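Start counting the sequence shown at 1; every next residue gets the next number (the UniProt record's numbering).
Some hints here could point you the wrong way.
To be verified - Capping the alpha-carbon separation at 30 Å, the derived lysine-lysine pairs in DSS-like fashion look like this:
1) Lys262 x Lys62
2) Lys262 x Lys323
3) Lys62 x Lys97
4) Lys89 x Lys228
5) Lys323 x Lys228
6) Lys294 x Lys89
7) Lys97 x Lys262
As the list claims (entries may be wrong) - Pairwise CB distance ranges, derived in the manner of DEER restraints:
8) Asn332 x Met227: 38 to 48 Å
9) Asn332 x Tyr426: 10 to 20 Å
10) Ser124 x Ile330: 18 to 28 Å
11) Val398 x Lys62: 41 to 51 Å
12) Pro123 x Ser200: 23 to 33 Å
13) Leu304 x Gly189: 41 to 51 Å
14) Ser124 x Gln427: 34 to 44 Å
15) Gln427 x Phe263: 11 to 21 Å
Hints are computed from structural coordinates only; laboratory data are not their basis.
These numbers come from a predicted model, not from an experiment.
All residues carry an ideal CB built from backbone N, CA and C; glycine is no exception.
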Amino acid sequence: MNSVQKCDDSEGDASVTQKAPSIPPLTSRQMLIFTTVSVCYIAVCMSSVIIAPFFPTEADNKGISSVHIGFIFATYNLVNCLTSPLFGKYLPVLGAKFTCLAGTWVSGGCNLLFGFLPKISDPSTFLVYCYIIRGIEGAGCAASVTAGMTIIANTFPHRIAKMNGLYEAAAGLGLMLGPPVGGFLYGLGGYQLPFLVLGSLNLLFVVIIIFVLPPVGVDDTEAGSLMKVLRIPAVHPALLVTLVASMTISFLDPTLSIHLQKFNLSPALIGVEFLLIGGMYGIFSPIWGHYADKWRTTRIMMILGLYSATLSCLFMGPSPLLKLPSSIWIVNIGIATVGFNLSLALLAAFADLYHTAEWFHLESDLALQGVISGVFNFAYWIGSFIGPSSAGVLLDSVGFEWTSSIFALFNLSVMLVVSFFCLWEYQCGKGRRPPGGTSILLDAEERKPLIENGAVSINEHADV
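Using the sequences and the hints given, assemble the complete structure.
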């Protein structure tokens, strides 16, 4: 957030329309920090999906039902969503560097342990350890990702959406690489090899973090206030968009590989299908982040992203409502476009949280950055829990075609909720924030409550 720009009476209304100060160029130190947290994010995202091409089959061979398989995927996300707000709240106390380091170390250790699970012959014991290890790994992911997002917001205060778009591109790369790399290593060396390789890489990144990341956060810093953020009505539509977008992209983890088996695809080709989702998500995330910072049309971007994701879900089945033939090419249209559309919705939602905090005059310090990262990750990972767990039940009950249709309905419903909220906020909400952003000039009466200790520049609300 831009700092309040004060001016004397002689400057009058000129301060209202003056241009924002130029943004300083990136330094090599900033890029080194960004590269480090991004590489860690890639490894964490690979950890969450590397099991997708082969684990459902391995678990099925041990007599584990598809419902339990879905919940094993979902446990990772449930623990992640429950711990993300806590890490966000206490990040200033723990320190962002320590939190990122500890989370990466836990994630690497859990990967190594997960590779030895097939040695457990009893199905019930195998199931219990799957839940425990995935849950602990989810907590490690929450710590690493929340700290990484906060470090980026603290390091790039004028490029938050753009740099988090690139950060999400790293997530897309991890989601893209995880399944095909997992399928390849599984075919090359069996069940253990993917986890030994990825776990070792995570532990290597721990050493890199020690020497590269700055000590963001100190022990005597106060924790952030979750309630101060959650009391703002405009925060909740962005979190709802994050929730449903995460549900949509994650319900495919335990279901898509089973759905694609009827097309006689090998595990390697199934991994390539997952590559389409992560690839499109990773390619377009920085693009949407750039335009979210530049245009500040986050509400419109969220609505368009959810509407397009609705269509993608209908094609992925394809939905019986469309009365289309069951063809791999039609399915691929939905698979390829869903990552494109959901990256638009998610990046806009994250940027909108910062725009909303700015609109309500919250100070953009480490505490606020930690809280916003925490609540965003909470919504994202609770969606990642609901998606796979509900998809496993729906797959057994109605099949993949209707399951994807139900998720299309979720996206359409949230799109309508956000649209109506934007209209309500524009007419009745605090500040009459327009749905398209905050770039319009307000008249004197509307600006009056915002003036403190003199005049306030419009740049307080329109950071270019």
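Hints not upheld, ascending by number:
Violated hints: 3, 5, 7, 9, 10, 11, 14 and 15; rest satisfied.
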